[in-house]
Amino acid sequence: MDENNIENKNIENKNVIDEDNSKIEKNNIDDNSIESNNNNNDSNSNDNNEEDEINNNIINSSNSIEDISNYLLKIDESSGRPPRKYSEQDSSNPEWFEHKKHFFILSSSGKPIYSRYGDEVALNTFMASLSAMSSFVESQNDTLRHLVAGKYQFVFLCKYPLNLVCISSTGEPNQVIRQQLEYIHSLIISVLTQSNMKAVFEAKYDLRDLLGGTDKYLDHLIHQLNKDFSILLNSIQCLRLNNNVRNQITNILSQYKCDSLLFSLLISDNKLISQVKHKKTTSLKSQDIHLLMNYVSSTASFKESESWIPICLPNYNDTYFLHLYICFLYPGVCLLLFSNQPESFYQLSDCKNQIIKGLEQENIAEELKKAVNNHDYTTSITEIPNLLHFLYKNKTNNYSTFPTFSPPYSIHKKEKKRLFRLYQHITTHVNSNIIANKPHKYYYHTSQTETIMVATSNNHELYATFSPLETKKSIFESFSNLLLWIKNQENSLFIQ
Amino acid sequence: MTKNKIDLKVVLLGYASVGKTCIVYREMYNQFGDTHTTIGGAFSSKRAVVGDTEVLLGIWDTAGTERYQAVNRSYYRRANAAIVCYDLTNSETWEKVTFWAEELTQNEPDIEIYIVGTKLDLIQHGEQRAIPNIRVEETAKRYNAHIFETSSRTGENVSLLFQTIAENFCKKTNNGTNLPNHNNNNSIGNSVKVDQKSEKEKGGCC
Numbered sequence: 001m002d003e004n005n006i007e008n009k010n011i012e013n014k015n016v017i018d019e020d021n022s023k024i025e026k027n028n029i030d031d032n033s034i035e036s037n038n039n040n041n042d043s044n045s046n047d048n049n050e051e052d053e054i055n056n057n058i059i060n061s062s063n064s065i066e067d068i069s070n071y072l073l074k075i076d077e078s079s080g081r082p083p084r085k086y087s088e089q090d091s092s093n094p095e096w097f098e099h100k101k102h103f104f105i106l107s108s109s110g111k112p113i114y115s116r117y118g119d120e121v122a123l124n125t126f127m128a129s130l131s132a133m134s135s136f137v138e139s140q141n142d143t144l145r146h147l148v149a150g151k152y153q154f155v156f157l158c159k160y161p162l163n164l165v166c167i168s169s170t171g172e173p174n175q176v177i178r179q180q181l182e183y184i185h186s187l188i189i190s191v192l193t194q195s196n197m198k199a200v201f202e203a204k205y206d207l208r209d210l211l212g213g214t215d216k217y218l219d220h221l222i223h224q225l226n227k228d229f230s231i232l233l234n235s236i237q238c239l240r241l242n243n244n245v246r247n248q249i250t251n252i253l254s255q256y257k258c259d260s261l262l263f264s265l266l267i268s269d270n271k272l273i274s275q276v277k278h279k280k281t282t283s284l285k286s287q288d289i290h291l292l293m294n295y296v297s298s299t300a301s302f303k304e305s306e307s308w309i310p311i312c313l314p315n316y317n318d319t320y321f322l323h324l325y326i327c328f329l330y331p332g333v334c335l336l337l338f339s340n341q342p343e344s345f346y347q348l349s350d351c352k353n354q355i356i357k358g359l360e361q362e363n364i365a366e367e368l369k370k371a372v373n374n375h376d377y378t379t380s381i382t383e384i385p386n387l388l389h390f391l392y393k394n395k396t397n398n399y400s401t402f403p404t405f406s407p408p409y410s411i412h413k414k415e416k417k418r419l420f421r422l423y424q425h426i427t428t429h430v431n432s433n434i435i436a437n438k439p440h441k442y443y444y445h446t447s448q449t450e451t452i453m454v455a456t457s458n459n460h461e462l463y464a465t466f467s468p469l470e471t472k473k474s475i476f477e478s479f480s481n482l483l484l485w486i487k488n489q490e491n492s493l494f495i496q
Numbered sequence: 001m002t003k004n005k006i007d008l009k010v011v012l013l014g015y016a017s018v019g020k021t022c023i024v025y026r027e028m029y030n031q032f033g034d035t036h037t038t039i040g041g042a043f044s045s046k047r048a049v050v051g052d053t054e055v056l057l058g059i060w061d062t063a064g065t066e067r068y069q070a071v072n073r074s075y076y077r078r079a080n081a082a083i084v085c086y087d088l089t090n091s092e093t094w095e096k097v098t099f100w101a102e103e104l105t106q107n108e109p110d111i112e113i114y115i116v117g118t119k120l121d122l123i124q125h126g127e128q129r130a131i132p133n134i135r136v137e138e139t140a141k142r143y144n145a146h147i148f149e150t151s152s153r154t155g156e157n158v159s160l161l162f163q164t165i166a167e168n169f170c171k172k173t174n175n176g177t178n179l180p181n182h183n184n185n186n187s188i189g190n191s192v193k194v195d196q197k198s199e200k201e202k203g204g205c206c
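As you go down the protein sequences, you meet chains A and B in turn.
Each residue of the first sequence is one higher than the one before, counting from 1 in full-length UniProt numbering.
Each residue of the second sequence is one higher than the one before, counting from 1 in full-length UniProt numbering.
Heads up, some of the hints might be wrong.
To be verified - What follows is a set of in silico ranges between Cβ atoms, one per label pair, in the way DEER data are often shown: (1) B:Glu54 with A:His412: 53 to 61 Å; (2) B:Ser45 with A:Gln341: 18 to 26 Å; (3) A:Thr319 with B:Ser45: 43 to 51 Å; (4) B:Pro109 with A:Ala203: 28 to 36 Å; (5) B:Gly126 with A:Ser139: 51 to 59 Å.
Said to hold, decoys possible - The calculated BS3-like cross-link candidates involving lysine-lysine, where the alpha carbons are at most 30 Å apart (straight line), are: (6) A:Lys352 with B:Lys3; (7) B:Lys5 with A:Lys357; (8) B:Lys3 with A:Lys357; (9) A:Lys216 with B:Lys96; (10) B:Lys141 with A:Lys303.
Derived by calculation from the structure, the hints in this document are not laboratory data.
Ideal placement from N, C-alpha and C gives every residue a C-beta, glycine not left out.
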């Protein structure tokens with residue numbers, strides 16, 4: 001690409017910014033409240049308000065949006081991945097504005113890189129105005145974090161050389177959306193590495209050339225961010241597995257290795273079965289593991305052959321690529337081996353064969369396959385009356401567990417989403433006790449639809465959802481019984 | 001007499017979305033369907049039989065996207081054959097053929113190159129050929145490459161391609177001891193082969 005071209009484009013961008021700014025004003029975004037680092041007036045609206053807001057959003061949303069999102073949900077469940085839809089839309093279509101949650105990635109100079117809906121090139125003008133907003137604040141030596149415009153909230157994450165923006169009408173807390181933007185940023189790093197990205201940007205190349213095919217991982221990740229409890233809790237979910245079987249698997253993983261092997265991981269969908277660190281390095285962070293799981297679950301071809309891919313783990317080292325061997329050992333059981341040598345594929349392939357041999361002895365493979373099919377559980381397994389749902393995070397190792405949805409939440413998708421959004425607000429509230437600078441110890445939320453009780457300690461966080469008709473006394477009792485049940489099950493719920 | 005067993009490493013290279021993964025799917029599973037952008041490389045293996053020799057084909061399917069270009073080197077290293085693909089209907093994809101052929105001859109002089117035009121069924125349904133045959137033949141001659149045209153949709157020529165790769169490789173290893181000699185001489189030998197092949201192909205598709 002020649003530089004003239006780029007310059008021309010930039011000039012175009014600038015022209016367009018003016019046009020678009022006037023458009024925005026017409027769209028009644030006059031009453032926006034800009035929040036920056038300097039005036040830190042976090043809105044402290046209480047829970048009921050927020051909940052009403054969520055309900056209102058659901059009720060107010062026009063039918064077409066519901067249709068679209070229902071349709072999307074259907075597609076997601078049938079194929080496991082939303083197709084690249086709406087690519088024909090852009091900011092000149094009214095339909096485009098009806099999507100509830102937009103994500104944009106643009107370069108620091110305002111060039112479009114990705115849009116969740118619509119074609120990013122056609123959205124050039126729109127992205128330029130987003131870029132203008134953040135650079136306006138930047139020019140005053142400040143950072144734009146979020147702004148509110150009518151029912152939309154804009155959340156910005158500026159990490160040179162990328163700007164990430166989320167515009168949503170879902171009423172999620174800013175902190176949660178910021179976390180989602182950070183995940184998206186990390187995904188881009190995992191594809192390019194931070195150093196490559198800077199070099200490419202500074203050489204004025206179009207980053208999109210290097211990101212070809214990344215769309216589907218971004219789409220899939222965004223979808224996952226909107227429903228994954230373990231990501232919400234900054235944690236990893238483990239496959240429920242008998243402790244002895246898990247130990248045997250871990251032994252096998254640590255036994256079969258080669259010189260260049262750094263980590264061995266065994267996963268099942270978005271659940272961790274076992275992980276082994278072979279060298280004296282830092283452990284894998286939960287964000288990196290989620291990125292890996294996202295790669296595996298959004299690439300159908302991994303199921304058919306052994307794969308060997310370069311990948312950067314942003315929280316491990318964002319400057320270079322590791323080499324990742326991926327192979328499905330059984331349906332739903334995927335082995336990941338990390339090496340620092342680009343030539344070690346065949347050695348790792350041998351490791352895999354030995355690992356399979358090891359698993360096949362003593363029936364471990366059978367136990368593992370059974371566990372994969374029996375992982376899901378509902379609250380009924382706890383035998384605690386009127387317990388509707390719960391989230392538990394073990395803070396010492398960042399592992400979490402939660403049941404699948406049961407009635408009343410499993411009946412309607414909207415209810416699942418509503419509970420998810422409610423948890424988003426509650427986790428944010430619990431963890432943002434600014435005065436004490438540590439999480440609230442107890443938290444009690446009650447509404448027409450459910451009562452949620454939260455307790456946190458140095459070792460755990462437990463969010464338990466009960467029927468709204470329960471008395472406080474019985475909830476307290478059930479809550480301690482639930483804690484007891486989890487303690488008893490710890491051996492199989494978490495990697496020890 | 002016991003069967004000889006030999007390993008044959010084949011690597012697929014070429015521009016993004018020319019249909020490299022589809023060729024592998026057709027060869028491995030005799031299927032055609034939606035595939036997704038490959039990341040990094042995928043390895044699959046298959047047994048082929050040539051005379052009394054059992055050939056273990058190790059097929060490396062690589063990513064066509066530009067960001068993996070540098071990494072692709074680690075996939076073609078020590079490969080015996082390279083399938084360099086381009087889309088018969090898309091001239092943009094042809095540039096990468098010369099790029100890879102050049103790079104392969106530089107770094108792996110012993111590698112056999114197969115230039116494969118994909119999506120033959122589209123041509124048969126009346127789409128324009130983006131690259132004139134004469135240009136393909138010139139390039140093939142320059143790099144001692146074989147020419148194939150395949151359709152993963154119909155399966156045409158896909159197994160023939162892999163069978164030919166296996167047969168040529170067996171010939172080469174059976175003449176094994178004088179491998180370097182063979183290489184020096186094969187400029188003539190191969191260009192004859194190329195002509196035969198291209199004639200065969202022309203017969204098949206017109």
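Results of checking the hints against the structure:
1. B:Glu54 with A:His412: 53 to 61 Å: Taking Cβ atoms as reference, B:Glu54 and A:His412 lie about 58 Å apart, which means the hint holds.
2. B:Ser45 with A:Gln341: 18 to 26 Å: holds (21 Å)
3. A:Thr319 with B:Ser45: 43 to 51 Å: Violated - the Cβ-Cβ distance for A:Thr319 and B:Ser45, about 34 Å, lies outside 43 to 51 Å.
4. B:Pro109 with A:Ala203: 28 to 36 Å: About 32 Å separates the Cβ atoms of B:Pro109 and A:Ala203, which means 28 to 36 Å holds.
5. B:Gly126 with A:Ser139: 51 to 59 Å: The hinted range 51 to 59 Å holds for B:Gly126 and A:Ser139, with Cβ atoms some 57 Å apart.
6. A:Lys352 with B:Lys3: holds (27 Å)
7. B:Lys5 with A:Lys357: Answer holds: B:Lys5 to A:Lys357 is near 24 Å, not above 30 Å.
8. B:Lys3 with A:Lys357: Judged against 30 Å, a Cα distance of about 27 Å means the pair holds.
9. A:Lys216 with B:Lys96: With a Cα-Cα distance of about 24 Å, the restraint between A:Lys216 and B:Lys96 holds, given a limit of 30 Å.
10. B:Lys141 with A:Lys303: Answer violated: B:Lys141 to A:Lys303 is near 39 Å, above 30 Å.
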